[in-house]
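Since chain A is already given, all that's left is putting chain B on it; use the hints.
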Amino acid sequence: MSDNENRPLGLYIHIPFCNRKCDYCDFVSYSMDSKAQQLYLEALFAEIDMQKSKFVDRVFDSIFIGGGTPSIVYEGFIASLARKIYSSFHFLEKTEFTIEVNPSSFTHEKFLEYVQAGVNRISVGVQCLDEKLLREQGRIQSMENIEETFKMLNNSLFTNVSSDVMIGLPGQTLDSVMSTINYLLKQNIKHISTYTLQIERHTMLYSKLRKGKITPMKDKTMETIFNQVNKALVKEGFVRYEISNYAKPGFECRHNKKYWDDEVSYLGLGVAAHSYIDGYRYYNTKRLDTYIDDLNEGKSPVYKREYVSDEERRTERIMLSLRTSKGLDLEKFKADFNEDLLRTHADIIKKMTDKKMVEVKDNFLKIKDEYFAVSNSIIVELL
Amino acid sequence: MNRLEKIRNFCIVAHIDHGKSTLADRLMEYTNTVAKRDLSDQMLDSMDIERERGITIKLTPACMKYKYNGEEYTLNLIDTPGHVDFSYEVSRSLAACEGAILVVDATQGVQAQTLANVYLALDANLEIIPVINKIDLPSADIAGTKKEIEDIIGIPCDEACEISAKTGLNIESVLEAVIKNVPAPKGNENTQLKALIFDSYYDSYKGAVSLVRIFDGTVKAGDEILFMQTNKSFTVTEVGIFTPNSSAIDQLTAGDVGYIAASVKNVSDTKVGDTITLKNNPVEKALDGYKEATSVVFCGIFPLDGDKYQELQDALEKLKLNDASIHFTKETSLALGHGFRCGFLGLLHMEIITERLEREFNLEIITTAPSVEYKVYDNKGKVYDVTNPSEMPPMANITKMEEPIVKMEIITPKEYLGGIMDLCSDRRGVYHDMQYIDANRTKLIYTMPLNEIVYDFFDKIKSISKGYASMDYELAGYQDSQLVKLDILLNGEICDALSIIVHKDKAYQRGRALCERLKTVIPRHLFEIPIQAVIGGKVIARETISAMRKDVLAKCYGGDVTRKRKLLEKQKEGKKRMRRLGSVDLPSEAFVSILKLDD
Numbered sequence: 000m001s002d003n004e005n006r007p008l009g010l011y012i013h014i015p016f017c018n019r020k021c022d023y024c025d026f027v028s029y030s031m032d033s034k035a036q037q038l039y040l041e042a043l044f045a046e047i048d049m050q051k052s053k054f055v056d057r058v059f060d061s062i063f064i065g066g067g068t069p070s071i072v073y074e075g076f077i078a079s080l081a082r083k084i085y086s087s088f089h090f091l092e093k094t095e096f097t098i099e100v101n102p103s104s105f106t107h108e109k110f111l112e113y114v115q116a117g118v119n120r121i122s123v124g125v126q127c128l129d130e131k132l133l134r135e136q137g138r139i140q141s142m143e144n145i146e147e148t149f150k151m152l153n154n155s156l157f158t159n160v161s162s163d164v165m166i167g168l169p170g171q172t173l174d175s176v177m178s179t180i181n182y183l184l185k186q187n188i189k190h191i192s193t194y195t196l197q198i199e200r201h202t203m204l205y206s207k208l209r210k211g212k213i214t215p216m217k218d219k220t221m222e223t224i225f226n227q228v229n230k231a232l233v234k235e236g237f238v239r240y241e242i243s244n245y246a247k248p249g250f251e252c253r254h255n256k257k258y259w260d261d262e263v264s265y266l267g268l269g270v271a272a273h274s275y276i277d278g279y280r281y282y283n284t285k286r287l288d289t290y291i292d293d294l295n296e297g298k299s300p301v302y303k304r305e306y307v308s309d310e311e312r313r314t315e316r317i318m319l320s321l322r323t324s325k326g327l328d329l330e331k332f333k334a335d336f337n338e339d340l341l342r343t344h345a346d347i348i349k350k351m352t353d354k355k356m357v358e359v360k361d362n363f364l365k366i367k368d369e370y371f372a373v374s375n376s377i378i379v380e381l382l
Numbered sequence: 000m001n002r003l004e005k006i007r008n009f010c011i012v013a014h015i016d017h018g019k020s021t022l023a024d025r026l027m028e029y030t031n032t033v034a035k036r037d038l039s040d041q042m043l044d045s046m047d048i049e050r051e052r053g054i055t056i057k058l059t060p061a062c063m064k065y066k067y068n069g070e071e072y073t074l075n076l077i078d079t080p081g082h083v084d085f086s087y088e089v090s091r092s093l094a095a096c097e098g099a100i101l102v103v104d105a106t107q108g109v110q111a112q113t114l115a116n117v118y119l120a121l122d123a124n125l126e127i128i129p130v131i132n133k134i135d136l137p138s139a140d141i142a143g144t145k146k147e148i149e150d151i152i153g154i155p156c157d158e159a160c161e162i163s164a165k166t167g168l169n170i171e172s173v174l175e176a177v178i179k180n181v182p183a184p185k186g187n188e189n190t191q192l193k194a195l196i197f198d199s200y201y202d203s204y205k206g207a208v209s210l211v212r213i214f215d216g217t218v219k220a221g222d223e224i225l226f227m228q229t230n231k232s233f234t235v236t237e238v239g240i241f242t243p244n245s246s247a248i249d250q251l252t253a254g255d256v257g258y259i260a261a262s263v264k265n266v267s268d269t270k271v272g273d274t275i276t277l278k279n280n281p282v283e284k285a286l287d288g289y290k291e292a293t294s295v296v297f298c299g300i301f302p303l304d305g306d307k308y309q310e311l312q313d314a315l316e317k318l319k320l321n322d323a324s325i326h327f328t329k330e331t332s333l334a335l336g337h338g339f340r341c342g343f344l345g346l347l348h349m350e351i352i353t354e355r356l357e358r359e360f361n362l363e364i365i366t367t368a369p370s371v372e373y374k375v376y377d378n379k380g381k382v383y384d385v386t387n388p389s390e391m392p393p394m395a396n397i398t399k400m401e402e403p404i405v406k407m408e409i410i411t412p413k414e415y416l417g418g419i420m421d422l423c424s425d426r427r428g429v430y431h432d433m434q435y436i437d438a439n440r441t442k443l444i445y446t447m448p449l450n451e452i453v454y455d456f457f458d459k460i461k462s463i464s465k466g467y468a469s470m471d472y473e474l475a476g477y478q479d480s481q482l483v484k485l486d487i488l489l490n491g492e493i494c495d496a497l498s499i500i501v502h503k504d505k506a507y508q509r510g511r512a513l514c515e516r517l518k519t520v521i522p523r524h525l526f527e528i529p530i531q532a533v534i535g536g537k538v539i540a541r542e543t544i545s546a547m548r549k550d551v552l553a554k555c556y557g558g559d560v561t562r563k564r565k566l567l568e569k570q571k572e573g574k575k576r577m578r579r580l581g582s583v584d585l586p587s588e589a590f591v592s593i594l595k596l597d598d
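Protein chains in written order, with numbering that gives the first Met the number 0: chain A, 0 to 382; chain B, 0 to 598.
Calculated directly from the structure, the hints in this document are not laboratory data. Here a beta-carbon is modelled for each residue, glycine too, at the ideal position from N, C-alpha and C.
Listed next, with one range per pair, are the computed distances between beta-carbon atoms:
1. A/Asn5 - B/His337: 50 to 56 Å
2. A/Leu341 - B/Tyr477: 54 to 60 Å
3. A/Lys355 - B/Gly418: 52 to 58 Å
Bound conformation, chain B alone:
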């Protein structure tokens, strides 16, 4: 048996919570890759936030050894993120594999993300190994789940593994199925180096490290390598594998999965999807499928305390070291001062980054309403990519506008169908199809504008369906749209941080809701404060915060003076924590309120 025949490269695809990470942990434990005592739950999810949400964002591969029929096999598990925001990264990980384990929770059946990910795996021509998980639970429906997989996905399930990743039941059957059914990698170790970067991370000693699948050739320390997309070359300092911590080896050869360190300073030089070859003996053609990571959702991020601007910049730069898909540029807002306009792969990505800024860097931040990238055409024939409402050209000059749309798939128990369809049409969704998955569940397909889902669509779906429905979406291009810029005027002055771009038909409702909400969060001032929602100079909604009525200290005698002085000093401090726009003091809740209009 040759070397390649004893390698299996595979990944696990699953819907959130169906047990992907637990299964990965169990596989490592059974192959003695990690001793049980070292195994913190869900070993592969290395970030706290991910662990808390039970989802994997960052991929960490694991190289496992397993003896089967007297032969020792190398099993390279490449974990994939389970969220649509990272579907490009998923597709590159899948391209590094020959097979995929499809984990389905026997108590929940096929879900939206199961489908999205399994389709990606099928598109990548991977051998799919169905695994029915959580069979130890009383509510498990093994036969029903198998039937669903066969009916909906079209994968035969008579030999599907039936396991409990939690208890370790039948884990060996998964390892055996991988060895039996996943094809061995193909490749020629004696030809030019061709390695696919499917991920990268920043290490403070080694620099930007590329995670690679070697398709052809060999790479070792000292080799001069070329990154074909960026056309930059570096000298390899170390190659190795993940067990699952990185451990250096002599060389990586065709069929292997491992890492290459070459003192690369920046993760933006180790782009996911890029091809690595040798500088002196390059391949002619890079691997297919390379794409630049593009931002889909944008928002402004400002420090709550204006003095922390530099700290915020440092934190964003640190995050970018490990995540080349974050984009940020300086932004100055009249209301919020100096901050950054940031671009993200999607909503979850945005949420993760803002949460990490607060948790890992201890920064208090204000984020403005999430926006998408609109295409705005003016009467001079120019096209603008507008991601920030304040950059919108004057309405009078605009001839046409386009907004990004997504194809949305929602799987829901049928009792919530009505509520979810109402929500979709309220969010300007266009109904396409409805498929019955089983007697109980239905898949809905809509196209809808991305800007209708960037606020709280997912939360709404969850609350309508009591958590049972699942959703997934993919970008589906641009469509013409009647959009307007909605401004909020406080005491007659535009508060730029509260401006949003919204569909014409939604503007009135949004404007009114926003005014009402702001009225409740902005404290009373000495002066009456009119709040107006305005489109192109026309007021569409108005509220008034009436002037303060009573703010007086009673008696003020003797030793009381100190106490009263302290009260006023406290009142002054409270004011300082607010953002001042003209003569209006805005608490940070005012900026959050824009995100939560439907509560």
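Chain A extracted, bound-state conformation:
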């Protein structure tokens, strides 16, 4: 543990505002005016003030502002937030600073504000370029917005741009996904996240599914797309460093890697944010009004704290490490959990190795690219 305590932390800040919630989204978001945004910013400041004393001896090397739609908040919000965190926590010189933007609200003014605030990585929520599909999912951006956003980014010196692509939208085809990918490849993008659609409860999509209004994508189609995308991106020099994440060498997202890496701490601020600090998980309230009220009254917005047991740590280690291209460090696993997976799960590992689903190399166990699509089943075999 002490090792981990010396490693730089990540800082996540949640911006819970959206113009409209996308049908597939189950992240916490509210559509609110600038008054509400102002109140939220004040509450964030209060939470930062409450937390900062605990981190005087620690350093951070990544910041991630996610949402919701961080680009929707009024001009000056992000700059002000950045000043506040710089004055409250210690950051390494080359800290990665990411912000998620939506083409519909990402303006030139905001771009300048972010860069001046220190943002050095921008993640553009594209998801899909099929306007019909996008409209069906309730996303508001248009093709025009997307083109303007990339034009703006390409005309600047800003290079570290990432984009999200969604796979598995009802009605989506291989062609539609590939045309999105090809479009992004032309935009000098350094990082692409490909998400398979998960139909979560409490989403519009879920209720549409229940009412029979949509048909989910077939597993076989999803698998084909998943693997075709992989091929196309690898051909263009991208490295798949995690199941859903591709980057040109040197452009992996440092912040996200902390989630998959062994027990690196991160601090989450804002409504519905989670933290993992030295073996404990903290959950902030998911209600915006409670979050604001609690902090106004000087109370902590954390509603749950739990210690991750050894058994759970073991599960998470397997689950998270096997998502990455690096794989699971068997030596370290043995040292940490006193278990030689190659012995305790010899049969199934042999079987999966024979079928070329996984490989064991230099004491790392990893899932082969073509079998990332069934990673859950593989992981479950090892739990």
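Frame of chain A; chain B shown alone:
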């Protein structure tokens, strides 16, 4: 009038649902044996399952007092189970009586089980008292029902009682007919004790209690008695009668029906059909008609959760305390682990026991395909009784095989005749006879292999005839047969719990159906899983469960980790509930699927 002349021992025979139990309740109510307020519907059926199905399995006698023409009579009603599985028990109950009430539903007429039971009663030389029930219903056809009884069974019906057991209409006429027409028992109370056990049950205080009809002599507490078949002796602790709860009396004498408790530890010592006599003054010859209860249908029973093996054993032992006809021995299956091979009197018996295990003992169980007892002859001249497909000798060594057959009687409205005959011939039935019961109904007689009816034959008959046809069967010996053992291979490994013995001509169809069904119930795995139906090394059918295509969690950031971990843990739990055979996980539905191939 002497003592014997004021006793009547009788039973009620009827088809399911014709109102036997309701009539018994009404008789007890009219004789004040049970106060109306204590009468839960169908007093004599003491088990929940029986009550739910409207059938009686366990016999509970009732001793009633009734005044007629100034004399008080003792009426001993011995209820009989209405199902063929228990026909031996029925025959012993009938042997304890001098008369039988034949209840026929006026809206349905004579049915298959009416016939089966009435023939048993006639064979036992009982005086039959016809009773037409449900005459209050608008669809009752009293005259037609009487004519049927006269035509088919040959019992005159001019004096038949016409009643409604439900409303209590004309119940006295039944009591009077019993007194007038059922002969009084004969017997000598001053000679050696001769008592017939027609049932027994286990009481945690009294031990195994014998239900008896005393033919000769007297028995009382303190007597040393001898069970003639088992040749074991015990000292009587209590004798009594059922009113209908047990109540102790001083002694039981010739002609009486009652119980004998003698601290017998095990119901297997109080065998139905055995004769009880006094140890010091025994009769020379036991009563005729004793038979060992033999198992006819067999299946494996395994706990769904392998850790519950001991609980399953305890439950089976508890059930056996009250039902000596259940047989079970340990069985180990590669696919299902430790469990029991169980033998039953018939299909209903099997169903009742498995249901009681689940309901009364809260056990989740997996039952394998029901089997019958095959006789297999090998080239060394040895004969094997095979009840478990996995015990079948190698095909190459087998010279001859025999399978049990039954005589099947089905009564059906004529519009379903075609469908039912098709079903019978599909099930390898051999047609024997067709008799017209009336303008509308026909009785079909077939012989058919027992293994063709152990799955779902009864359900099929019911669904073809929309519930109108009825059936009954009795064992009719063995016949030569071309049988094969059909194995199922999953990913190349035999799943022993799915093996069945089947007729050669049916093997292909069965194998294919089974493969198809398994394909739908076994979830996709990481690997492709071939399912093969194999006979003696030859593959006769094959299906493939293709490998899983997609099983991946999307984003996995931050606090999501806990949620995703929980999802995987749940997935892992689901796997643990399945049975693992080699690298294949089998849900319990896979084992049930073998029973439901025709759906």
